[in-house]
Amino acid sequence: MNEKLRKIKAVVMKYPILVFLTAAVLVALFFTPNFFTVFNLKNLLLQSTDLLILSCGLTLVQLNAGIDFSITSVLSLGSVLGAYLMARTPLAANPLLGICAAVLMMAGTGVVFGIINGAAVTRLKMPSFIVTLVMQMIGSGAAVLFVNSIAAEATLSATIAGLPPAFGVLGGLGNWFFVPVLIAAAVFLFSDWLLTKTRFGRNVYAVGTNARTAEVSGIPVKKTIFLLFVLCGLYAGISSILATARNQSGIPTLGDKMFLNIIGAVIIGGTSVLGGSGGVRQTLLGVIFMSLMTNVMNLMNVTWYIILLVQGILIFVVAMMDYVMKRQSAYQEN
Amino acid sequence: MSDVILKLNDICKSFFSVEVLHHVNLELRQGEILGLVGENGAGKSTLMNILGGIFPMSAGSIEFLGEPYEPASPKYATEKGIAFIHQELNLFTNLSVAENMFIDNFPTGFLGRIDKKKIRAKSQEYIDKYDLNVRASAKMGNLPMGSRQMVEIAKALMKNAKVIIFDEPTTSLSNREKEKLFKAIRELKENGVSIIYISHILEDVLLLCDRISVLRDGKVVHTDKRERYDRAGLIRDMVGRELTQVYPSVEKEIHDKVLEVKDLNCAGFVKGVSFCLREGEVLGLFGLMGAGRTQILRAVFGLDPKESGEVRVFGEEVKKPSPGECIHRGMAFITENRREEGLLMPRPVSTNLLMVKNEELAGSMGVVDTKEEAELCRKMVKTLDIKTARPDQQAANSLSGGNQQKVVMGKWLLKEPKIFLVDEPTHGVDVGAKYEIYRLILNMAKEGSAILVVSSEMQELMGICDRILVLSNGRLTGEVRKEDYSQERIMKFAL
Amino acid sequence: MTEACEGSVGKRILQYLMRYGMYLIFLLLMIYFSVSNPNFLTFNNLILILQQASPHGIAVIGIIFVLTVGGIDISIGRNMFLASTLVGVMTVNVSKNFLDSTAALAACLGIAVAVGIVFGLLNGIIITKFRMVPFITTLAVGSVMRGLGLTISNTRQFNITFMSPLASGRIFNIPYVLIIFAVLLVVSNYILRSTTFGRHLMAIGNDPENAKKIGINVDRDTILVYVICAVLAALGGILSAGQIGTIAATFGEGNEFIAISAAVVGGASLFGGKATILPGAVVGILLITLITNGMAMVNASPYAYTIVRGAIIFLAVMLDSINYKGVLR
Amino acid sequence: AGCAGQKENETAPAAASESTETEDNGQDQSKTATDVEKDNGDMTIGVSICSLFSPYYVGTYNGITATAEQMGVELVTLMADDDINKQNEQMRNLISQKVDAIICIPLDGTSIAVTVQEAMDAGIPVIMCDRAIEGAKAAKSVVADTYQMGKDIIQWFVDDVKEEDKITEPYQALLLLGSLGDSATVKLSTGFKEVIAEHPDIIEIVGEVPTEWNQETALKGMQNWLQSNPEINMIIVPSDLLIPSVQSALQQVNRWHRIGEEGHVVILSSDGDSAGMQVLKDGYSEVDGAFDAVDCGVQSVIHAVKILNGEEEADDGQIVYGATLATYKNVEETGPSIWSWDDVE
Ligand SMILES: Nc1ncnc2c1ncn2[C@@H]1O[C@H](COP(=O)(O)OP(=O)(O)OP(=O)(O)O)[C@@H](O)[C@H]1O
Ligand SMILES: Nc1ncnc2c1ncn2[C@@H]1O[C@H](COP(=O)(O)OP(=O)(O)OP(=O)(O)O)[C@@H](O)[C@H]1O
Ligand SMILES: [Mg+2]
Ligand SMILES: [Mg+2]
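Chains as they are written, first to last, in our numbering: chain A, 428 to 761; chain B, 233 to 727; chain C, 71 to 399; chain D, 46 to 390.
Extracted from the complex, chain A is given alone in its bound form (with noise of 0.2 angstroms):
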């Protein structure tokens, strides 16, 4: 077989996503005249990359068979709180100062809450799934209560807005759409190095596939796990302040609807939930799948809940074709 052919062959065994990404270009290219302009491609890249770096930060603690919900509480946390800074404090008075502070406010937040999950998980020993659980509803009820209390006099709206109009370059608005999509990229980057070439990301693999084994075999099993809480608690942070800024105002709801979405993104890309396998390259790839599935669909006008119908399906379909793929490459399982 020609050379090249195999190379790609096995390219899209290793990640079959591709031929449905493929697939779903082209059926834009035909159906949707306004997929393949400049303000969507923009608008289709600016959307993913929240869902790109939250994706990223779970994978991270996927792999360790750990779970975070919390994320999206940071998304929301952070966003008042960051908002509050710069709309509602003296700092108002001196935007840059206001946005550097904010910043910092938002990413803390995400690390904050790392620590926190990392610390129950591995001195308390808690089960990360009901750690996160929690702490997302406490995230989630302290930022609608900060809104509501501490926030509230202003105005009767439930977000905070008067953000400053300069913050808007972090989330890409006007003509600064680069800015969020590269913060995105290094993000993403790092986190694939970190995966792929460092000491740190074999440890990761081993403890996610046997932290007993990686336990005799002296790899630090606990510090593994609490950082890789508060890598993912930190790109929680980041996606707040990406989206806030798009959004231009503090939402104390802002996160509540992505879960799924994130986690969707990462499962299909192909980390496991059990943890050991997979990485930030699949999930890039789920991200992609995600983004562009809805993008297309609201494109082609299709009825909203339809489009949840054909959603469950289109994830059958990838999945489907990825256990045909595997069931032809070797050493996999029998």
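By construction, these hints were calculated from the structure, which means they are not laboratory data. For every residue, glycine included, the Cβ atom is placed at its ideal position computed from N, Cα and C. Check each hint, because a few of them may be wrong.
Said to hold, decoys possible - With the C-beta cut set under 8 angstroms, the calculated list includes, among others, these residues of chain C facing chain A: (1) 187; (2) 282; (3) 384; (4) 387.
Knowing the structure of chain A, use the given hints to seat chains B, C and D with the ligands on it.
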């Protein structure tokens, strides 16, 4: 003793286009014990797995009791009367001993209710029969490996099967348990049950079996009566070359103390144990099943908590031992439980081999050197003769049992530890590879490492150790020097 | 691999505390609420808590089965929605006389079982035969179910007050739903603990490969588990909707997380092989329901609800975990 | 923008809405779609709607679709599933599709501002429907003033009580809350609370129940409160979506009685959907404040088309709807003017 009850014709088996069994023919007669030997990865377990309905065969046919036998599932095999003791223990750690023993055949009463009294009573009966010293209601996960293995055996013996397959049943058993097992096997034979017995302990095979088949590279090379075989002959058939020496002899010197353990106590399983280990020394630790040997190693290595006692490494006390800390100080530990603690089963061989060494290979910013990794991995695969086509792709769980053990060994050898704690190092490894492992261990000692070996095979300890400590019920009961070695002497302390 | 070190008396007391931490928290909460509001510790209120807990509790039983084999089902909430939507659609298409008869209630039961079987089978077959991960399978099936439900209902609301006698009715002041829940508890607990099927599920959850090797029909049992879960979820959904009296387009969203967290609070492991119905499932769902009830009793700020609920669950699970010896999860 | 602070219609239960900046009038039923019907064949209007889960929004959306069909306008609808972020995304998706105009029914008036501005900048006029925009300029806004409605509803009840002179001690009220992160809800509850605070002798809020617009949560919350505070005799409901839960909760404790019957619990509600109107008509609730959900949609389309045809300026003009209060006293007259009346039995 003459009629053939099981006949395997031209069995072939491939895993993903790699053929591991080539036209195997085998016959099993009524009431005989057939020994099956062969190098690691020769295909013994695979053949038996086909018989037990776990893998489908690629080609060939089987006849059982004169009828065609098509093992589509393990259930089919059980129903036809073929029981199977797997090389890898097949127990459920979250269930009780009694439940494990009856898991595939619960006696049920009204409304499908499991008769718990009955299974407890019946399993207790078998436990007592083999002097297992566990309660039928104990949780499997809390038992030491040896007891688990005995439970697995008892479970198969309970089944009234016509054919019982033993795949390496004695890897964690000491002589006493082994003798009980052999007695049971002979009893079965008297009752007309046919047995296939797979083992790398050739003495056992020669002692127990009526006929012996030798498998090499997926082919039966020879089958003959036991009387016609001797150890050397078996090895010749298995390996294809002579192997006169069983234990390598290496000249070495013993120097200073490197590891000192004083008055170690652990949760009632280890009581007041003190010993020391010197540079260049190979120290054996013998004891019967559950004597607490493993527990000592685990406590020293910081895997299980110790209640009291002192551990000094190179003269320095390790206050709070943890595996990371111990490795940092130059220690290594080979676990007896490779499946749960030794390997990353679904990960490739190379990953497994390199997981300890990683720490050192990483340069600035923790970036690892992939070239060097590949080179090291290649060398180790070669040294230990690990049978794998592509070490960077083949998952550890698709290796044969012995090769898995070699991987566990290899990952620590790469690290070149100064103090090496090994628990059942040759667990399921064939004679050729055993020799290689002994040689490596002794060479390490020569280079100045200190090695503490736990093994249930007394021969092995006597072959390589400078000194043997004997443990009974968690207490050190004796120390035997090389010049005083004798089976009786050691056993006397162990009882 | 080892049992806990037996230490000093103080240590042992601490251990006891940890082992029964969940119950202790339960008790403390009960005491606190009783002292704060005399209406808490009344027969009516306690029955109310049980009644509220029942429909979700039924779903929790289902998820316990799935967790036992190491699976997960996040289509529960959407299953609840689809099943009750079908009940709602039925009300539009049949005569009023029929709705007033008990036959209507039987029909609801039929719908629950049918939806459960169809989608449970779908989940189970895809997971076992196509080796798809349970999470993504049930996510996708959930999407399909919701899309289907919305397509059928066209996002309308349906009035299903005919369910009230069953969903909210009582006999000797004991709610029917509670009786249904209790019966299901006893039966399922029996199945899980005392039958071959139940023990096999535990084995599958511990090690599916091993289970296959000793001849357990892993695929069949797994499929069955998803069917059980789906049937119970559908039933719980219908009863829950019946308590409200209408079925709206948002019904059921997010209920899977209530069910799963109740199961985990009750000690179930997401990695399989460790779950109990009595007391696990019951303790979990009761704790969650109790907190919400108690919050009203002590007149808590509505903004504090999620925060307090989170904190208490955290505490309960923390006490339960602190002495945990296994692998971090 | 100027939603708050119009107190003219305090005592007018059936007050018509008034326009603030343009002469167009929301209740001006004479000017319906048929008047402007012409060939709008190649016109595509994008609809971004925050949710279709409550009958109220379904009503609005029905108004939009019916009018669009009548006028021959093509619609592209995206539903945001109660997610602000998603709604902003969908607004951008609509912009990429180059629709001619957008009708936006936002989840929140402030946080939608950024994409509304983007659309306007891209030359796509945006008609805000139901909720006003804050922080950007839309082409037109057809909005409901929930804050005012909240005040009106309570005020009406206070007046009614005074008129009937039936107060002995303050009503013990349970206030249901919608989604706590939703501006319209916050405004509505603020309206409720402000007037209640002025009349402590008449209404006293015992407790607040968070519902997250979930009927199940609402039901359980109410059941709990009715147990903990049996003296509760009034329930204030932010949306008729929750009426079934109210009914169910009250039935459970045998307190579902008609007005005038012993043990009746006062129900003050809003939205005017069929469930709410039904219980009003049947005499279980005293008042239901309703905007004309359907007409809101109808007017949005009409304005969109007019702007596109150049008949009207895109000047950020506002048409503010006031609420129609249907009460137990006037339900026979006002009922038929409520948008959902056709579905009431
Ligand atoms: N699931 C599998 N996938 C791929 N290859 C496999 C699989 N199982 C076994 N093999 C290969 O088949 C060969 C025979 O293995 P088998 O387990 O039968 O050896 P064995 O004779 O039992 O060796 P040992 O003495 O080490 O147990 C080995 O080379 C092994 O790598
Ligand atoms: N009777 C028993 N019941 C339960 N657990 C036991 C029993 N005996 C030993 N153990 C467990 O076994 C360990 C002590 O035995 P250990 O594994 O050290 O024995 P060993 O001498 O290595 O024997 P083996 O041949 O079984 O490996 C302890 O961790 C303890 O938990
Ligand atoms: Mg083998
Ligand atoms: Mg041992």
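Query raised in the report: For this structure, which hints from the list above don't hold up?
Result: 1, 2
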